[in-house]
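K.L.:
Listed here are the chains, written in short residue letters.
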Amino acid sequence: MYKIIVLVKQVPDTRNVGKDAMKADGTVNRAALPAIFNPEDLNALELALEVKDKYPDTHITLLTMGPVRAAEILREGLYRGADAGVLLTDKAFAGSDTLATSYALSRAVRKIGEFDLIFAGRQAIDGDTAQVGPQVADKLGIPQITYAEDVISLKDKTVQIKRRLERGFEVVEGQLPLLITAHSTAPDCRPRNAKRLMKYKRATTLSERHNVSDDYLSANQKPYLSITEWCAKDVDSDLAQLGLGGSPTKVRQVENIVFQAKESKVLTTDDGDIEWLMQELITNHTIG
Amino acid sequence: MNNVCVYCEIEEGKIQDVSYELLTKGRSLANQLNVKLEALIIGDSLAGMGKEVSKYGVDIVYLADDKRLYPFTTLPHTAIAVGLFKETQPQIVLMGATSIGRDLGPRISSSLTSGLTADCTDLQIGEYEDKKAGKKYENLLYQIRPAFGGNIVATIVNPDNRPQMATVREGVMKKEILTESHKAEVVNIDVNKYLNDADFAVKIIERQIEQSKVNLKGSSIIIAGGYGVGSKENFNLLYDLAHAIGAEVGASRAAVDAGFADKERQIGQTGITVRPKLYIACGISGQIQHIAGMQESAMVISINNDPNAPINKLADYVIQGNLENIIPKMIKYYRKNIIAPCPLRGGPRG
Numbered sequence: 011m012y013k014i015i016v017l018v019k020q021v022p023d024t025r026n027v028g029k030d031a032m033k034a035d036g037t038v039n040r041a042a043l044p045a046i047f048n049p050e051d052l053n054a055l056e057l058a059l060e061v062k063d064k065y066p067d068t069h070i071t072l073l074t075m076g077p078v079r080a081a082e083i084l085r086e087g088l089y090r091g092a093d094a095g096v097l098l099t100d101k102a103f104a105g106s107d108t109l110a111t112s113y114a115l116s117r118a119v120r121k122i123g124e125f126d127l128i129f130a131g132r133q134a135i136d137g138d139t140a141q142v143g144p145q146v147a148d149k150l151g152i153p154q155i156t157y158a159e160d161v162i163s164l165k166d167k168t169v170q171i172k173r174r175l176e177r178g179f180e181v182v183e184g185q186l187p188l189l190i191t192a193h194s195t196a197p198d199c200r201p202r203n204a205k206r207l208m209k210y211k212r213a214t215t216l217s218e219r220h221n222v223s224d225d226y227l228s229a230n231q232k233p234y235l236s237i238t239e240w241c242a243k244d245v246d247s248d249l250a251q252l253g254l255g256g257s258p259t260k261v262r263q264v265e266n267i268v269f270q271a272k273e274s275k276v277l278t279t280d281d282g283d284i285e286w287l288m289q290e291l292i293t294n295h296t297i298g
Numbered sequence: 335m336n337n338v339c340v341y342c343e344i345e346e347g348k349i350q351d352v353s354y355e356l357l358t359k360g361r362s363l364a365n366q367l368n369v370k371l372e373a374l375i376i377g378d379s380l381a382g383m384g385k386e387v388s389k390y391g392v393d394i395v396y397l398a399d400d401k402r403l404y405p406f407t408t409l410p411h412t413a414i415a416v417g418l419f420k421e422t423q424p425q426i427v428l429m430g431a432t433s434i435g436r437d438l439g440p441r442i443s444s445s446l447t448s449g450l451t452a453d454c455t456d457l458q459i460g461e462y463e464d465k466k467a468g469k470k471y472e473n474l475l476y477q478i479r480p481a482f483g484g485n486i487v488a489t490i491v492n493p494d495n496r497p498q499m500a501t502v503r504e505g506v507m508k509k510e511i512l513t514e515s516h517k518a519e520v521v522n523i524d525v526n527k528y529l530n531d532a533d534f535a536v537k538i539i540e541r542q543i544e545q546s547k548v549n550l551k552g553s554s555i556i557i558a559g560g561y562g563v564g565s566k567e568n569f570n571l572l573y574d575l576a577h578a579i580g581a582e583v584g585a586s587r588a589a590v591d592a593g594f595a596d597k598e599r600q601i602g603q604t605g606i607t608v609r610p611k612l613y614i615a616c617g618i619s620g621q622i623q624h625i626a627g628m629q630e631s632a633m634v635i636s637i638n639n640d641p642n643a644p645i646n647k648l649a650d651y652v653i654q655g656n657l658e659n660i661i662p663k664m665i666k667y668y669r670k671n672i673i674a675p676c677p678l679r680g681g682p683r684g
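Quick mapping for you: the protein sequence lines, in order, are chains U and X.
Heads up, the first sequence is in the working numbering, so the first residue is 11 and it goes up one at a time.
Heads up, the second sequence is in the working numbering, so the first residue is 335 and it goes up one at a time.
In case anyone wonders, no lab produced these hints; they're calculated from the structure.
Don't take every hint at face value.
Stated by the list, open to error - Listed below are the simulated DSSO-like cross-link pairs for lysine-lysine, each with C-alpha atoms no more than 27 Å apart in a straight line:
#1 X/K469 / U/K172
#2 U/K275 / X/K420
#3 U/K149 / X/K663
#4 X/K663 / U/K272
#5 U/K260 / X/K551
#6 X/K466 / U/K260
#7 X/K663 / U/K260
#8 U/K172 / X/K663
#9 X/K469 / U/K272
#10 X/K466 / U/K243
#11 X/K527 / U/K149
#12 U/K275 / X/K647
#13 U/K272 / X/K647
#14 X/K465 / U/K260
#15 U/K243 / U/K167
#16 U/K260 / X/K348
#17 U/K167 / X/K470
#18 U/K172 / X/K537
#19 U/K101 / X/K465
#20 X/K348 / U/K101
#21 U/K172 / X/K348
#22 U/K260 / X/K470
Stated by the list, open to error - Some chain U residues flagged as far from chain X (calculated, every beta-carbon gap over 12 Å):
#23 P66
#24 I122
#25 D136
#26 G137
#27 G184
#28 R202
#29 N203
#30 M208
#31 K211
#32 L216
#33 P233
#34 L249
#35 K260
#36 R262
#37 W286
Beta carbons: idealized from backbone N, C-alpha and C, even for Gly.
Okay, chain U solo, but in the shape it has when bound:
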């Protein structure tokens, strides 16, 4: 059996940005964007689930850092086949850049304990940095294999991975423990399992249970309905390395870009307009 941790993130759906996504002052209106399971983290979960298909004793723990609401994706992962979820949530994490995030996650991984493999999405769609995976690996002192699209083989302590590169691919072999980031070309994640949905739909974190007393009772009776929730102190982290203060990068300025508008000539689809344009492009040697 393998012990696997999957790093996941709840992200605003930046791919479907509506008109009210930006506030008048130029900042992002997060509330206007739906929160989703970061797409490549789902690929990462699938790679982990495929290991579990092959070695059913495998135990998969999902780990996320975020607001209380991020427990939604932990439940989503439980519905799809993960065994446990951990939510890392604390005001002290606010404003973390990738390095401070990686530090916090690495502390939580240490607290989870022994592991053979960590899977993570290559990058999250809200930042597209692809930095957290490798930085967590560095903090844990383990090797990384980035851009995985397939786990070719896993036997004992040896894993072979097919990596997707910009132009081409590589097959690499490494020894566990290591961290693998999943590329979007890895298999899509399987859908929710109906039985698991019934089983875990009332799984909650402590913060979520605060106001709902019968959920509190059911979590007491059925431990699997309790999603682990940790704060900065729980994972024995150095406060100086967390949040805004622990982030080497600072945002100096955020702005809506104002393009230097050109004076455009507006044409219609009429034959006359199109022919005029093509003649113009040919005459000034832009084409032809």
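Let chain U serve as the given structure and place chain X on it in line with the hints.
P.N.:
The following block gives chain X in isolation, referenced to the frame of chain U:
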């Protein structure tokens, strides 16, 4: 000490264009800061590489030459870069936002506890005031990048930690030889000082690098399609026009994500940056992250149903209407008016 250093990437014995582009940018940053430009080259059989990069204005070239160092694997390259940077203390480190740079950069930044900004579209030198701490900083690297799916542009700084690290995609910066005669001091690194056996934990079993079939950067006319093209089938209209007028077909991220076009055709912050003579944007709304990759086009034509598409503001010509109507007419009137058509390039039909 406190110089600007560029990590140079090697593929099949050649330094990659993105590295030359960064050396060119690095030279201008080094001039502004009045420091030296350094290049770090890690690989196998590097003889002559020093001369190759020095033309771009490099003052010091560090060569880490060992047969175990090519092809790239994460840990040995990290160990050498981290070991060297601890000694040389560069204030700025630049690398390509490539498969390699995006794997290596975060590892180095974590190891050195330095800030790293991915996919910058511009780099400048400027000052920064931390009002809370009441501190002023001069000559910081402004790492400028679209954020949040390209809806905003952020300027990131690393006030206290060094080096200030940034990755930049291929094509974003211009590659320019400083002078053919520029000479660099070459320093051969004793790699065994930094490496140990555990660094070779991940082994490459098989490797296939394909030559790109798409040459967006080298194309003087680009026809790019966005989500508004509607389908993969409709992209054939673009290939038809490209075939007729001798152009290459590009795509926005939304079109690539929707499966209308291959990833290697993606133009924008997370794709490739282009500067063609003519850019024909078809069904592209014009998110910042896309504009970042095409705003230096000499002439822009936007074909769009939506008269308020942001990209129209950048366009010299805006054609309002459906691609299905417009593109066949463009082909027809091109053929009618051109004396000798030369259909050389194109996409799947080409």
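K.L.:
Compare the structure with each hint and give your call.
P.N.:
Right, here's what the structure says about each hint:
Simply put, X/K469 and U/K172 have alpha-carbon atoms about 48 Å apart, too far for the 27 Å limit, and the pair is violated. Among the hinted pairs, U/K275 with X/K420 is inconsistent with the structure: their alpha-carbon atoms are about 56 Å apart, more than 27 Å. Distance check on the hinted pair: U/K149 and X/K663 sit about 59 Å apart at the alpha-carbon level, beyond 27 Å; violated. Annotation: proposed proximity of X/K663 to U/K272 holds, straight-line Cα distance about 25 Å (limit 27 Å).
For the hint linking U/K260 to X/K551, the alpha-carbon distance of about 33 Å lies beyond 27 Å, and the restraint is violated. Restraint check: the Cα-Cα separation between X/K466 and U/K260 comes to about 12 Å, which is no more than 27 Å; the hinted pair holds. Of the pairs offered as hints, the one joining X/K663 and U/K260 is violated, with about 51 Å between alpha carbons and a cut-off of 27 Å exceeded. Our distance criterion of 27 Å between C-alpha atoms is broken by U/K172 and X/K663, whose separation comes to about 46 Å.
Restraint check for X/K469 and U/K272: not satisfied, since their Cα atoms lie roughly 40 Å apart, outside the 27 Å limit. The suggested pairing of X/K466 with U/K243 holds, with an alpha-carbon distance near 26 Å, which does not exceed 27 Å. Between X/K527 and U/K149 the CA atoms are separated by roughly 22 Å; this keeps the pair inside 27 Å, and the hint holds. This hinted pair checks out: U/K275 and X/K647 have alpha carbons roughly 10 Å apart, not beyond 27 Å.
Of the supplied pair hints, the one linking U/K272 and X/K647 holds, its CA atoms being roughly 6 Å apart against a limit of 27 Å. Simply put, X/K465 and U/K260 have alpha-carbon atoms about 12 Å apart, close enough for the 27 Å limit, and the pair holds. Distance check on the hinted pair: U/K243 and U/K167 sit about 33 Å apart at the alpha-carbon level, beyond 27 Å; violated. For the hint linking U/K260 to X/K348, the alpha-carbon distance of about 36 Å lies beyond 27 Å, and the restraint is violated.
Between U/K167 and X/K470, the direct Cα distance comes to roughly 51 Å. Violation of the 27 Å bound is thereby established for this hinted pair. This hinted pair checks out: U/K172 and X/K537 have alpha carbons roughly 12 Å apart, not beyond 27 Å. Straight-line distance between C-alpha atoms of U/K101 and X/K465 comes to about 22 Å, which keeps the hinted pair within the 27 Å bound. Proposed proximity of X/K348 and U/K101 is contradicted: the alpha carbons are some 48 Å apart, above 27 Å.
In summary, the hint linking U/K172 to X/K348 is supported, as the alpha carbons are separated by about 24 Å, within the 27 Å threshold. Restraint check: the Cα-Cα separation between U/K260 and X/K470 comes to about 14 Å, which is no more than 27 Å; the hinted pair holds. With a closest Cβ-Cβ approach of about 27 Å to chain X, U/P66 is found to remain outside the 12 Å limit, as its non-interface label requires. At roughly 20 Å, the least C-beta separation between U/I122 and chain X is larger than 12 Å, which holds for a residue marked as non-interface.
In this structure U/D136 is not separated from chain X by more than 12 Å, as the shortest Cβ-Cβ distance comes to only about 6 Å. Distance check on U/G137: its Cβ comes as close as 7 Å (rounded) to a Cβ of chain X, failing to clear the 12 Å threshold; non-interface status is violated. A cut-off of 12 Å between C-beta atoms contradicts the statement that U/G184 is not in contact with chain X; the least separation is 4 Å. With 12 Å as the threshold on Cβ separation, the claim that U/R202 sits away from chain X holds: the shortest Cβ distance comes to roughly 23 Å.
No beta-carbon of chain X is positioned within 12 Å of the beta-carbon of U/N203; the least distance is around 27 Å. Separation of U/M208 from chain X is adequate, the least Cβ-Cβ distance of about 33 Å exceeding the 12 Å criterion. Every C-beta of chain X lies more than 12 Å from that of U/K211, the closest at about 30 Å, which supports listing it as non-interface. Here U/L216 stays apart from chain X, with its beta-carbon at least about 31 Å from theirs, past the 12 Å limit.
Every C-beta of chain X lies more than 12 Å from that of U/P233, the closest at about 35 Å, which supports listing it as non-interface. At roughly 15 Å, the least C-beta separation between U/L249 and chain X is larger than 12 Å, which holds for a residue marked as non-interface. Listed as outside the interface, U/K260 is inconsistent with that label: its C-beta sits roughly 6 Å from the nearest C-beta of chain X, within the 12 Å cut-off. A Cβ of chain X approaches the Cβ of U/R262 within 12 Å, the least distance being about 5 Å, so the stated non-interface status is violated.
Distance to chain X contradicts U/W286 as a non-interface residue, since its nearest Cβ pair spans about 9 Å, not more than 12 Å.
Checked against the numbered hints above, the structure breaks hints 1, 2, 3, 5, 7, 8, 9, 15, 16, 17, 20, 25, 26, 27, 35, 36, 37 and satisfies the rest.
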